[in-house]
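J.: Let chain B serve as the given structure and place chain X on it in line with the hints.
Now for the letters of each chain:
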Amino acid sequence: MIRVAAKLWAFIVRDFQQQVSYRLAFLLQIGGMFLSLGAFFFLTRMIDPEAKGLDGMNPFEWMLLGLAFQYYFSTALYAFSAKVRSEQMMGTLEAMLVSPTSTGLVIFSSAAWDFTYAGFRVLLYLGGAWLIFGISFHLENFPVLILGVVLTLLSSVGLGMLSASFILYFKRGDPINFFLSGMTTFFGTVFFPAEQLPAFLQGVSDYLPITWSLRVVRGALLLGKGFAELKNDLLALTVLTAVLLPAGLFLSRIAIRKAKQEGSLVQY
Amino acid sequence: MGHAVEARRLEKRFTRRRSIRDILFHPFRSPEAVQALRGVDLTIREGEIFGLLGPNGAGKTTLLKILSCLVLPDVGTAAIGGYPTSREQLVKPLIGLVHSDERSFYWRLTGRQNMNFFSTLYEVPREARDARVDELLRKVDMEEAADRPFADYSSGMKQRMSIARALLHDPPILLMDEPTRSLDPAAALSLRRFIQDELSGRDRKTIVLATHNLHEAELLCSRIAILMKGKVRQIGTVEEVRRWGLDTRNYEMEVDRWPVEAGERFAVLSDRSWEDGRRVRVALAGEDGLNLLLAFLMERGVKLRSCNQVDADLEGAFARILEAE
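One line per chain: the protein sequences are B and X, in this order.
The numbering of the first sequence is numbering that gives the first Met the number 0, which starts it at 0 and goes up by one.
The numbering of the second sequence is numbering that gives the first Met the number 0, which starts it at 0 and goes up by one.
Next up, chain B with everything else stripped away, as it sits in the complex (with noise of 0.2 Å):
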């Protein structure tokens, strides 16, 4: 376990490095950040408050939370494939799969560090907003809220896994990516509440584990719902997340396998 953990860290410092060597753009990345919290501030104005399924919330905080967390769903959806894909373009893939660390490590290890900057954009997201408009949070059910984002990191790996399961397969991500990227941001209640989609399209929204993520942090964060008002909520992300990591997992080793039989891991 503590090799594993130093493998994972390895590859969030490695990953870290590089960036910190592209200083101008992590900063403009950060700057453009707040730019689009500004854009989304004025743009939520224009929305009624009382719209149907928002429950009460501001429609800026409302969105806030969807657009913090969407980006880790889209994180979990690109990091994996893109990761494997720019180290097999690189050459570096090879390199690490002939280490005694086993071909599902370094795949699943790639994205560490695109996960812990994901989490660190959705707190500068939060924070800018406490700081700059003046949001308030209800911390008071924490625990509640750090098992929604543990469900909420799981499920999103096993949809990355997949979703690199099928990069190394088909040696394309785009397709896959493209699809339940533009599900997640349809039907996944991140932009507006599945209230406002006709009525026979509302329960896809069911089978997307965002869906169910937003439901925890908002009621957590925002209107400061507790275990018991939200365990219906997290008992579905439960379900969802323990379909998808698993098949994430199992997936990956069968494209894994597939690909060393057909030599394409390694190459581009």
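Just so you know, these hints were derived from the structure itself, not from any lab.
In this text the structure is predicted, and so the values were computed from the model without any measurement.
Hints may contain errors.
[Unchecked claim] For lysine to any residue, the following SDA-like pairs were computed, each having C-alpha atoms within a straight-line distance of at most 25 Å:
#: 1; chain 1: B; residue 1: Lys257; chain 2: X; residue 2: Tyr82
#: 2; chain 1: X; residue 1: Lys230; chain 2: X; residue 2: Phe27
#: 3; chain 1: B; residue 1: Lys51; chain 2: B; residue 2: Gly181
#: 4; chain 1: B; residue 1: Lys257; chain 2: X; residue 2: Pro30
T.: Below, chain X alone, put in the same frame as chain B:
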């Protein structure tokens, strides 16, 4: 002496994946395929430098990738240190792969940062990591440049870093894929010396060297295998392979004169004036070919000043094997 590497009837076929369009328009067409290995058998002994020679596309890199657990064979088995390559966790600690590809590092990181990262993947104990990285950087003469970005290194320096990385976990077997491919002659010479003196001589590593550089193989390897179209065409000591397909031995002799009838009885390859005599090169068949010639010359009172066997070269053997294909 044990076997470091064994391959038995290894076969590998790569199939080109078909596009959806191709499947729709030509549903019964077989996918294009390349047979990279066709029943490769070889055994590499502990401590030897073994050369895998062959033209591009002969299957050298595929064989190395199978030995490195990166590609699974379709048929046959490969074993490293007695463990089948399917047992990756036992095999990987025994091997280090030296890439010919300079891109296999993170170019924006320094050499030391790269080594630190890979040392964790190679499971170098944390408390020994810094010392091990320093030791290897010193060994490959990269200590002074260690804190410069990898992108600033010359091809020779990058190749030395690749060797240092492969040695991180001190494996007994090194698989080297054309390590001097992109190097200038001076850097290639220095690297060959390092392989011979340090890695083989001092560290007693078993080295499997894939190369298409015949000169390099002659200089470094104790035994070689010539691969062509996925098959081992010849395997043996360099001398054995050099002599493949030759049923004669060539000799060069300096004599005071060369009788005309000698030219009728023996195969003369060249005959030219040399100082106050002649320098003649002959091809003699059989074990006693030389004895017959010497007796023939002595009978005629020819004074023999020198007689040397002329080595067959690997290039000639390679050409003969290629011709026999």
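J.: Tell me if the straight-line CA distance from Lys230 of chain X to Phe27 of chain X falls inside 25 Å.
T.: At roughly 30 Å apart (the allowed maximum being 25 Å), Phe27 of chain X and Lys230 of chain X break the hint.
J.: Lys51 of chain B and Gly181 of chain B: Cα distance at most 25 Å?
T.: 23 Å, holds
J.: Quick one, are Lys257 of chain B and Pro30 of chain X close enough, alpha carbons at most 25 Å?
T.: 17 Å, holds
J.: Between Lys257 of chain B and Tyr82 of chain X, is the straight-line Cα distance small enough, at 25 Å or below?
T.: With Cα atoms ~22 Å apart, Lys257 of chain B and Tyr82 of chain X stay inside 25 Å; holds.
The earlier numbered hint that this structure contradicts is number 2, and it is the only one.
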